[in-house]
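J.: Heads up: the sequence lines are chains A and B, in that order.
Using my numbering, the letters of the first sequence correspond one by one to residues 1 to 154.
Using my numbering, the letters of the second sequence correspond one by one to residues 1001 to 1190.
These aren't lab readings, by the way, just hints derived from the structure by calculation.
Be aware that one or more of the hints could be misleading.
Stated by the list, open to error - Stretch by stretch, here's where chain B covers chain A in the computed footprint (C-beta under 8 Å, at least three residues):
no. : region
1   : 14-21
2   : 28-34
3   : 53-64
4   : 128-135
Backbone N, C-alpha and C define an ideal beta-carbon position, used for all residues, glycine too.
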Amino acid sequence: MARFKKSNKEGTPGLNTGSMSDIVFMFLFFFMVITNMRESSLYVRINVPQASEVQKLEKKSLVSYINVGVPMDENKYGREPRIQLNDQIADVSDIAEFIENERAARSEADRPFLTTSIKADKDARMGIIVDIKQELRNVNALKLIYTTSRRGKE
Amino acid sequence: MGKKCPELNSGSMSDISFLLLTFFLLVSSINTDMGIPRRLPPPLQPGMVTPDVHKRNIFVVKINSQNMLLFDGQTGDLKALRARAKEFLSNPNDLSNLPEKETVDIPLLGPMRVSQGVISLQNDRGTSYDMYIQVQNELMAAVNEMRDELALGKFGRPYTDLSNEQRSAIDKAIPAAISEAEPTKIGGNK
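Based on the sequences and whatever the hints tell you, model everything.
T.: Here's what the structure looks like:
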């Protein structure tokens, strides 16, 4: 006669967690692919304006960023909107050199496609933006994109 | 039968990969940048002559330092601007005070009557950036709406669904002619 054998040796069988790491690694790779690394931390406060007629920025590697906003360190830089290039607060006159450096970092074939992205706070005044634009014109960096966030079309 | 291999404890491996995951989540940003693309005019060379444009071909939009909008010689709001810009660029009834058109032969579309109108945008140094973007947005919206209409009429699909060749044909038929004048300094000291 067959008898059901009860195994009372162990309490609960150990849960196999080996595949859990596979799943998490999959997550990890997913995030690594879809995100881009933050290149420099912002020293200015930026709240970009909204617009509905936006286009996506193509070829991120060909974009140089100019940030405009009120500096976070108000004691040091004042309360007026300032320009941040790379990792420091700069003046309008530094833009020419910045664009030259950005150009030099790219290969010869890519240089005509270099785009400048102006990421400015919505409370900034046009005076500083106009100065930037004039400076960009002088160094022949004519492709420009005003970074905005998307808003639904009316 | 050999001996049973002892199982590797891989429970802590997931901890490590979670750590990596959170690190990447913190360090990276997902936001995709978007914005309004523009092309600046090339720098002025000495001896360059500014082209003569007929008065009927220019639509002047001004923004002052108080973020007030002026077009057609009177103040107006953003909503009206889009409709007015569209009317100006399309000139549906060939009125003599709206821009003239020139017949251009465009591949894929055939001879098209392309408007010669130019929107001239002038702002003050004291104008807020937000207002400036809103105006640019309305003007682009006017152009995009017209392009959409033409694309639907000619190809039966909205502009965004067209192929690159079709898109550049539409761009030629309806150019985004927005010119920016040098800013004024009245009322803005920043």
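J.: I'd like to know which numbered hints this structure contradicts. Please list them from smallest to largest.
T.: Those not satisfied: there are none.
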